[in-house]
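J.: Each chain, written out:
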Amino acid sequence: MYQSMQSLGFAAESNFKGPVKLSAAPKGASALVLGAGLAGMVAAYELRQAGYRVQVLEYNARAGGRNWTLRGGDRYTELGGFTQECRFDPGLYINPGPWRLPYHHRGMLSYCQRLGVALEPFLQVNYNAYVHSSRAFGGKPQRLRTVKADYHGHIAELLAKSVQGHQLDAEVTAEDQEKLLASLRFWGALDKNLKYVRGDASNDRRGFARDPGGGLKGRPTLSEPVGLHDLLQSGLWSALPIGELYDMQTALFQPVGGMGKIGEAFARELGPLIRYNAKVIEIQQDARGVSATFEDTAAHGRQTVQADWCVCTIPLSILSQIPMKVGQAMSEAIAAVPYAASVKVGLQFKRRFWEQDEQIYGGITYTDLPISTIGYPSTGLFGGGKGVLLGGYIWGLDGAQFTAMPPEERVRTAVENGTHIHPQYVQEFENGVAVAWHRAPFALGCFGLWTESTRAQHYDNLCQFDGRIVLAGEHASYLPAWQEGAVTSALDAIDRLHRRALAAAPATGSRGTT
Amino acid sequence: MTTTRNRGAIAALLLLICAAGASPARADRAGTADAGDLATADGQYIYSHICQGCHMAQGQGAEGAGHYPALAGNPALVSWQYMALTIINGRRNMPAFSAKHAVGFFFAPVVLGDAQIAAVINYVRTHFGNDFKDAATADGVHALDR
Chain A
1 MYQSMQSLGF
11 AAESNFKGPV
21 KLSAAPKGAS
31 ALVLGAGLAG
41 MVAAYELRQA
51 GYRVQVLEYN
61 ARAGGRNWTL
71 RGGDRYTELG
81 GFTQECRFDP
91 GLYINPGPWR
101 LPYHHRGMLS
111 YCQRLGVALE
121 PFLQVNYNAY
131 VHSSRAFGGK
141 PQRLRTVKAD
151 YHGHIAELLA
161 KSVQGHQLDA
171 EVTAEDQEKL
181 LASLRFWGAL
191 DKNLKYVRGD
201 ASNDRRGFAR
211 DPGGGLKGRP
221 TLSEPVGLHD
231 LLQSGLWSAL
241 PIGELYDMQT
251 ALFQPVGGMG
261 KIGEAFAREL
271 GPLIRYNAKV
281 IEIQQDARGV
291 SATFEDTAAH
301 GRQTVQADWC
311 VCTIPLSILS
321 QIPMKVGQAM
331 SEAIAAVPYA
341 ASVKVGLQFK
351 RRFWEQDEQI
361 YGGITYTDLP
371 ISTIGYPSTG
381 LFGGGKGVLL
391 GGYIWGLDGA
401 QFTAMPPEER
411 VRTAVENGTH
421 IHPQYVQEFE
431 NGVAVAWHRA
441 PFALGCFGLW
451 TESTRAQHYD
461 NLCQFDGRIV
471 LAGEHASYLP
481 AWQEGAVTSA
491 LDAIDRLHRR
501 ALAAAPATGS
511 RGTT
Chain B
515 MTTTRNRGAI
525 AALLLLICAA
535 GASPARADRA
545 GTADAGDLAT
555 ADGQYIYSHI
565 CQGCHMAQGQ
575 GAEGAGHYPA
585 LAGNPALVSW
595 QYMALTIING
605 RRNMPAFSAK
615 HAVGFFFAPV
625 VLGDAQIAAV
635 INYVRTHFGN
645 DFKDAATADG
655 VHALDR
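Protein chains in written order, with the working numbering: chain A, 1 to 514; chain B, 515 to 660.
Among these hints, one or two may not hold up.
Unchecked claim - Some chain B residues flagged as far from chain A (calculated, every beta-carbon gap over 12 Å):
1) A541
2) G545
3) Q572
4) G575
5) G587
6) L591
7) S593
8) F621
9) A629
10) N644
11) D645
12) K647
13) D648
14) H656
Claimed, not checked - Chain B side only, calculated, beta carbon under 7 Å to chain A, not exhaustive:
15) I564
16) C568
17) A579
18) R606
Keep in mind the hints are simulated off the structure, nothing from the lab. Positions of the beta carbon are idealized from the N, C-alpha and C atoms, including for glycine.
Construct the complete structure from the given sequences, taking the supplied hints into account.
T.: And the structure:
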């Protein structure tokens with residue numbers, strides 16, 4: 001199954017309209033933010049800017065939530081008590097959560113710029129990376145370049161044949177047919193007879209058996225296209241459009257040094273506003289304000305904090321278990337969303353063999369094996385030292401099964417899978433880490449899995465204010481799993497919060513207590 | 515709207531590829547079951563390959579910012595029907611597993627048949643210190659799947 005070949009491939013346009021500028025907060029107004037992931041920290045940052053007294057409660061000992069990077073020396077204990085030590089070399093890392101920023105996720109890019117987080121290109125499409133089916137071509141991985149060229153070439157030839165055979169006369173005028181044939185010839189790399197064959201045209205797309213060079217030995221050898229039957233039966237065509245999905249189109253970006261740089265920058269900015277190791281166990285509200293009770297998981301005390309307003313960004317997987325004073329509509333919405341399983345595996349190798357042996361510089365290989373994805377680093381190219389691959393990005397049934405394994409078995413299985421694509425794994429593998437999102441103590445799942453019907457029934461109820469509480473996070477967006485969903489939901493929530501606060505404040509500007 | 519359309523197309527694609535793919539676990543999958551294996555799996559296999567991801571190997575559950583309920587010594591297990599409804603429909607962040615209710619996305623949903631749901635219920639209710647005498651049946655599960 002090409003489960004994650006589709007990646008997060010659904011058009012997801014951000015509604016970010018430029019940096020938010022709230023007017024001054026009512027005098028003395030306060031806001032409590034639950035969760036120091038990106039949604040919570042965006043809310044805290046902007047509300048503080050407007051003059052609200054802000055405090056943030058965070059379960060983890062670090063900020064960022066699912067915005068997170070694992071580096072050498074990091075320790076991570078998942079549910080069940082399994083602890084992993086990340087043993088990557090200095091400078092190498094894996095992003096267990098989000099790893100790419102599409103150019104149109106303007107909210108994310110805007111905060112990176114404002115917080116001084118340096119960005120670099122994320123290489124999504126690499127024509128020299130592989131598409132792989134264990135059931136096709138003897139299990140030998142195929143270069144994306146050749147599969148794409150051959151598939152387009154054969155389709156173009158078939159369509160040209162239909163035009164020339166007058167099978168499209170009813171649909172396409174004679175004048176248009178002329179243009180169509182010209183375009184098919186160019187698009188599909190057909191020869192002058194409108195055939196997709198071994199020749200200069202096809203080899204300019206799929207590459208040569210031996211590349212052209214200079215001098216006496218420079219004569220190229222042409223490569224032979226794969227037949228349409230083999231291509232169709234291979235299923236590899238299902239990987240072709242991934243880089244053309246709106247979310248995957250060039251350009252994409254990543255923070256220099258790991259996605260976690262963004263959460264770390266927010267945490268620096270917010271400083272003492274964030275209270276770490278705070279496990280929220282109850283959320284109350286009345287006409288005058290909101291209160292949250294939390295356990296200090298480091299000091300083992302219990303405390304209650306109060307504010308006029310609350311932006312709650314706790315994932316629904318957790319929030320649905322916390323006693324919370326909201327109406328039935330929001331309460332049912334919170335309980336209506338299951339969470340997707342996903343696992344990411346980071347593998348360190350002694351050398352960057354994918355670059356040195358196979359000329360793969362960044363990009364992604366897609367496979368029907370459980371790992372589904374091998375992601376090559378977009379950074380540190382041509383480095384002489386070690387390298388870390390994303391050795392698996394695993395979803396669905398495979399994701400559930402990898403979650404059920406102890407971490408070291410996930411790593412071992414990912415290495416076994418990957419060996420079918422890169423035999424060098426056997427010699428070069430050193431160590432790895434594997435994060436299963438359902439086992440993440442602070443998330444209990446990867447992202448909220450809405451359906452059309454649950455959205456119709458519950459989404460607005462989830463996002464609407466309930467008294468003095470509003471929710472934000474990727475689960476309160478139409479961009480599931482994307483950080484941009486968290487950012488834009490937070491901006492939408494605080495805009496409404498601010499208007500309420502202004503409306504509730506007496507004309508004198510003192511704290512409103514309606 | 516675009517989201518819906520793309521998801522439809524992707525779901526159709528997955529069906530196509532999955533239909534071709536239901537065969538016994540192959541060596542290159544390194545012991546990972548595919549949908550075909552799951553359709554004939556017994557209760558222990560299903561528990562150890564899926565359920566224990568959250569409920570843990572000894573049914574002890576887990577606790578972080580939220581928790582996964584223990585299945586060992588859990589009084590709710592007295593009702594296999596309660597368990598069946600939970601597995602069929604999901605509960606809060608736990609996904610639904612019956613074909614009628616399971617949710618996929620760009621990935622195929624994880625689906626358990628009536629017999630597999632009954633098998634895993636019976637496994638859990640007779641392990642981890644549980645010793646319930648009555649048993650779920652595939653027909654009984656089927657009747658609850660609405």
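J.: Taking the hints in turn, state whether each one holds.
T.: Evaluation of the provided hints:
Once the 12 Å rule is applied to beta carbons, A541/B is inconsistent with being away from chain A; the minimum gap is 9 Å. Interface exclusion of G545/B from chain A breaks down, the closest Cβ pair being 7 Å apart, not more than 12 Å. With a cut of 12 Å on Cβ distances, Q572/B falls inside the contact zone with chain A, its closest approach being about 10 Å. For G575/B, the condition that its CB be more than 12 Å from all CB atoms of chain A is violated, with the nearest at approximately 9 Å.
Every beta carbon of chain A lies more than 12 Å from that of G587/B, the smallest distance being close to 17 Å; the non-interface claim holds. Distance to chain A confirms L591/B as a non-interface residue, since its nearest Cβ pair spans about 19 Å, more than 12 Å. Taking the minimum C-beta to C-beta distance to chain A, about 20 Å, the non-interface status of S593/B holds against the 12 Å cut. Once the 12 Å rule is applied to beta carbons, F621/B is inconsistent with being away from chain A; the minimum gap is 4 Å.
No beta-carbon of chain A is positioned within 12 Å of the beta-carbon of A629/B; the least distance is around 17 Å. Taking the minimum C-beta to C-beta distance to chain A, about 19 Å, the non-interface status of N644/B holds against the 12 Å cut. For D645/B, the condition that its CB be more than 12 Å from all CB atoms of chain A holds, with the nearest at approximately 24 Å. With a closest Cβ-Cβ approach of about 28 Å to chain A, K647/B is found to remain outside the 12 Å limit, as its non-interface label requires.
At the 12 Å boundary, the C-beta of D648/B stays outside the reach of chain A, the nearest C-beta of that chain being 27 Å off. Consistency note on H656/B: stated as away from chain A, and its beta-carbon is indeed over 12 Å from all of that chain's, at 22 Å minimum. Of the supplied interface hints, the one on I564/B holds, with its beta-carbon coming within about 5 Å of a beta-carbon of chain A, less than 7 Å. Because the beta carbon of C568/B sits about 5 Å from the nearest beta carbon in chain A, less than 7 Å, this interface hint is met.
With 7 Å as the threshold, the beta carbon of A579/B comes within range of chain A, its nearest partner Cβ sitting at about 4 Å, so the hint holds. Residue-level restraint check for R606/B holds (minimum Cβ-Cβ distance to chain A is 4 Å; threshold 7 Å).
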